[in-house]
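> Below are the chains, spelled out letter by letter.
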Amino acid sequence: GEDVEQSLFLSVREGDSSVINCTYTDSSSTYLYWYKQEPGAGLQLLTYIFSNMDMKQDQRLTVLLNKKDKHLSLRIADTQTGDSAIYFCAESESGGGADGLTFGKGTHLIIQP
Amino acid sequence: SQTIHQWPATLVQPVGSPLSLECTVEGTSNPNLYWYRQAAGRGLQLLFYSVGIGQISSEVPQNLSASRPQDRQFILSSKKLLLSDSGFYLCAWSGTLGQPQHFGDGTRLSIL
Chain A
1 GEDVEQSLFL SVREGDSSVI NCTYTDSSST YLYWYKQEPG AGLQLLTYIF
51 SNMDMKQDQR LTVLLNKKDK HLSLRIADTQ TGDSAIYFCA ESESGGGADG
101 LTFGKGTHLI IQP
Chain B
1 SQTIHQWPAT LVQPVGSPLS LECTVEGTSN PNLYWYRQAA GRGLQLLFYS
51 VGIGQISSEV PQNLSASRPQ DRQFILSSKK LLLSDSGFYL CAWSGTLGQP
101 QHFGDGTRLS IL
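Protein chains in written order, with the numbering used here: chain A, 1 to 113; chain B, 1 to 112.
Some hints here could point you the wrong way.
[Claimed, not checked] Example chain A residues on the side facing chain B (calculated, C-beta under 8 Å, incomplete):
{"#": "1", "residue": "Y33"}
{"#": "2", "residue": "P39"}
{"#": "3", "residue": "L43"}
{"#": "4", "residue": "L45"}
{"#": "5", "residue": "Y48"}
{"#": "6", "residue": "I49"}
{"#": "7", "residue": "A77"}
{"#": "8", "residue": "G100"}
{"#": "9", "residue": "F103"}
{"#": "10", "residue": "K105"}
Hints are computed from structural coordinates only; laboratory data are not their basis.
All C-beta atoms, glycine included, are put in the ideal place defined by N, C-alpha and C.
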């Protein structure tokens, strides 16, 4: 079955860039997503990328996709204390279709002053 | 714009009691609807999804059930809760094919 893997923790200094990595196994993944979860809250969609793209940039966020290696990354430039959260990588075959998303276990981003 | 509401935000229930969690979506028609559970350890597990009124697909056999009595209403239920049902339950919606899923704020369920 599909599997999505992420590191559990990432620690960065405030002002540095954060790079959160994700690997997936399903070669038929069509859409790949990054969600952010703050403590006690639901998941907030940050950005997503179609599998025919290799990069997407949105303000401080840059998503890179290496489809050959099935590797997805999220770069957060100028990391701030408000970026402290758990970041989930997710994939699906049909986008918002009825099959749901397969999530990684999430990467807890810790910001050091 | 579309919004999704879940309630209650927190719930403490005794073992063996029934459960009803509700989710509603506004601002869209015929959404795909989903229930996920996030247990300790943070991974999300898809429990149910629905592509229309009365149409429910179950991903994992368990003590829970789901219903969709109206187009934008999705309900998660149990007749008798188990300790293992504790967790953070998230409802989500998406449009038709090709759109990402959007999540509610979640319900934290504790079973005593």
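> Evaluate each hint against the coordinates.
Evaluation of the provided hints:
1. Satisfaction of the interface hint for A/Y33 is found here, the shortest Cβ-Cβ separation to chain B being roughly 6 Å, below the 8 Å cut-off.
2. Because the smallest distance between the Cβ of A/P39 and any Cβ of chain B comes to about 11 Å, over 8 Å, the interface hint for this residue is violated.
3. For A/L43, the suggested interface contact is upheld, since its CB lies about 4 Å from the closest CB of chain B, less than 8 Å.
4. The interface hint given for A/L45 holds, since its Cβ lies 5 Å from the closest Cβ of chain B, which is under the 8 Å cut-off.
5. The beta carbon of A/Y48 comes within 5 Å of a beta carbon in chain B, closer than 8 Å, and the hint placing it at the interface holds.
6. Taking 8 Å as the C-beta cut-off, the interface hint given for A/I49 is violated, the closest approach to chain B being about 10 Å.
7. For the restraint placing A/A77 at the interface with chain B, the shortest Cβ-Cβ distance is roughly 22 Å, beyond the 8 Å limit, so the hint is violated.
8. Here the hint on A/G100 is kept, as its CB sits about 4 Å from the closest CB of chain B, short of 8 Å.
9. Annotation: A/F103 was flagged as interfacial toward chain B, and the flag holds, the nearest CB pair being 4 Å apart, inside 8 Å.
10. Look at A/K105: its Cβ gets to within about 5 Å of chain B, closer than 8 Å, so that hint holds up.
Hints 2, 6 and 7, counting from the list given before, are not met by this structure.
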